[in-house]
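Chains as they are written, first to last, in my numbering: chain A, 1 to 173; chain B, 1001 to 1161.
Watch out, some of these pointers could steer you wrong.
To be verified - 25 Å max Cα-Cα, derived SDA-like pairs, lysine to any residue:
1) B:Lys1082 / A:Asp114
2) B:Lys1082 / A:Thr59
3) B:Lys1082 / A:Leu168
4) A:Lys161 / A:Glu141
5) A:Lys166 / B:Thr1038
6) A:Lys161 / B:Thr1078
Stated by the list, open to error - Partial chain A-side listing against chain B, Cβ under 8 Å, derived:
7) Pro147
8) Arg155
9) Asn156
10) Arg157
11) Ser160
12) Ser163
13) Ala167
14) Leu168
Hints are computed from structural coordinates only; laboratory data are not their basis.
Backbone N, C-alpha and C define an ideal beta-carbon position, used for all residues, glycine too.
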Amino acid sequence: MSFDLEQAVSLLQKEFPQDILDIKEYRNETTLIINKDQIHRFCKHLKDNLEFTFLADLTAVDYLEVKSPRYEVVYHIHRFGPDCEENIRIRLKAELTDDDPKIDSVVSIWSSADWLEREVYDMFGIEFTGHPDLRRILMPEDYKPYPLRKDFDVRNREASKESFEKALEDGVD
Amino acid sequence: MGVNADPLVGGEGFLTTTIEAFANWGRKNSLWPMPFGTACCAIEMMGVFASRYDLSRFGAEVARFSPRQADLMIVSGTITYKMASVCRRIYDQMPEPKWVIAMGSCTCGGGPFDSYAVIQGIDEFLPVDVYVGGCPPRPEALIDAVMKIQKKIEMKGAPVV
Chain A
1 MSFDLEQAVS
11 LLQKEFPQDI
21 LDIKEYRNET
31 TLIINKDQIH
41 RFCKHLKDNL
51 EFTFLADLTA
61 VDYLEVKSPR
71 YEVVYHIHRF
81 GPDCEENIRI
91 RLKAELTDDD
101 PKIDSVVSIW
111 SSADWLEREV
121 YDMFGIEFTG
131 HPDLRRILMP
141 EDYKPYPLRK
151 DFDVRNREAS
161 KESFEKALED
171 GVD
Chain B
1001 MGVNADPLVG
1011 GEGFLTTTIE
1021 AFANWGRKNS
1031 LWPMPFGTAC
1041 CAIEMMGVFA
1051 SRYDLSRFGA
1061 EVARFSPRQA
1071 DLMIVSGTIT
1081 YKMASVCRRI
1091 YDQMPEPKWV
1101 IAMGSCTCGG
1111 GPFDSYAVIQ
1121 GIDEFLPVDV
1131 YVGGCPPRPE
1141 ALIDAVMKIQ
1151 KKIEMKGAPV
1161 V
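Just chain A, same shape as in the assembly (with noise of 0.2 Å):
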């Protein structure tokens, strides 16, 4: 018996009805919006009883000026199904306002999840609740600014010069 998608999601929305926001289907790809407070709830059980054992990117988008709540959190979770032939995925995106950019981490479920959501740290400043070890990724640590925020100027190379120079004098890279 194959992998339902669709059966899949209305027996979520059954389970979930409070923490589904919203359905997207485009072009045969399936995205749901889910309550932020509910990620690790959602996920872990889209692992352990769907079998969903592959989490094949996370990141986030900012939507300055664009809609609120501002940022989106992007999960691509795949399924490879028992005998390894089947490929289906799924998108999930949790909403986070400006003022508390905070969601929980899923490195528990997916350990992939741990760089990845460093790197979304980094770049965004979104906190991962949970996550084992939070720092910065691919910026200096004591760089400040987060680059991939709209209302960076991305090329305002001051904070890099900064860290860079600190590095100089103290001899660590």
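Could you slot chain B onto chain A? The hints should help.
Structure of chain B alone, referenced to chain A:
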């Protein structure tokens, strides 16, 4: 440097020169490059070292990954601010005298990366001797740069002691 091989004056011949000119003659023909490759330019640099372009024809084929055994730093590839302190540190570890080639648009002036992360030219923190433009430069261009370094050593040299 004057070479005399006339059997009448010295039998097997002799040469007159200054220590400085002699040392610089040796230096320019045995440059030991430290390849600092961070991006696509490094592939082109490998091409220069390999058999087709063969930098050993210019005496500069002994690529040393230890800065302590090198006197020519070839910086090839995008240098980010985070990498820049590492690059500077490696340059500092090289013994004097030493020279630097900035290979490619990124090292010369940031290249296409006008962004918060990329340094706009390595001359912000390194004394560059020769700039090589191009994205990436042809192997011939890098060979030309090495020859320019040789010329520079020959003309200006470096103090012996």
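> How about Pro147 (chain A): closest beta carbon in chain B under 8 Å, or not?
Replying inline: holds (5 Å)
> Within 25 Å, alpha carbon to alpha carbon, are Lys1082 (chain B) and Leu168 (chain A)?
Replying inline: holds (10 Å)
> Taken at face value, is the distance from the CA of Thr59 (chain A) to the CA of Lys1082 (chain B) at most 25 Å?
Replying inline: Holds - the C-alpha atoms of Thr59 (chain A) and Lys1082 (chain B) are around 23 Å apart, at most 25 Å.
> Does Lys166 (chain A) pair with Thr1038 (chain B) here, judged by a C-alpha cut-off of 25 Å?
Replying inline: holds (22 Å)
>> The hint names Ser163 (chain A) as touching chain B; please verify it with the least Cβ-Cβ distance against 8 Å.
In response: holds (7 Å)
> Under the criterion that the straight-line Cα-Cα distance not exceed 25 Å, is the pair Lys161 (chain A), Glu141 (chain A) satisfied?
Replying inline: holds (13 Å)
> Does Ala167 (chain A) pass the interface hint, meaning its C-beta sits closer than 8 Å to a C-beta of chain B?
Replying inline: With Cβ-Cβ at 4 Å, under 8 Å, it holds.
> Against chain B, is Ser160 (chain A) within 8 Å by beta-carbon distance?
Replying inline: holds (4 Å)
> Does Asn156 (chain A) pass the interface check with chain B, least Cβ-Cβ distance below 8 Å?
Replying inline: holds (6 Å)
> Is the shortest C-beta separation between Arg157 (chain A) and chain B less than 8 Å?
Replying inline: holds (6 Å)
> Measuring from the C-beta of Arg155 (chain A) to each C-beta in chain B, is the shortest one below 8 Å?
Replying inline: holds (6 Å)
> Regarding the pair Lys1082 (chain B) and Asp114 (chain A), is the alpha-carbon distance no greater than 25 Å?
Replying inline: Roughly 22 Å between the alpha carbons, so the hint for Lys1082 (chain B) and Asp114 (chain A) holds.
Taken one by one, the earlier hints all hold for this structure without exception.
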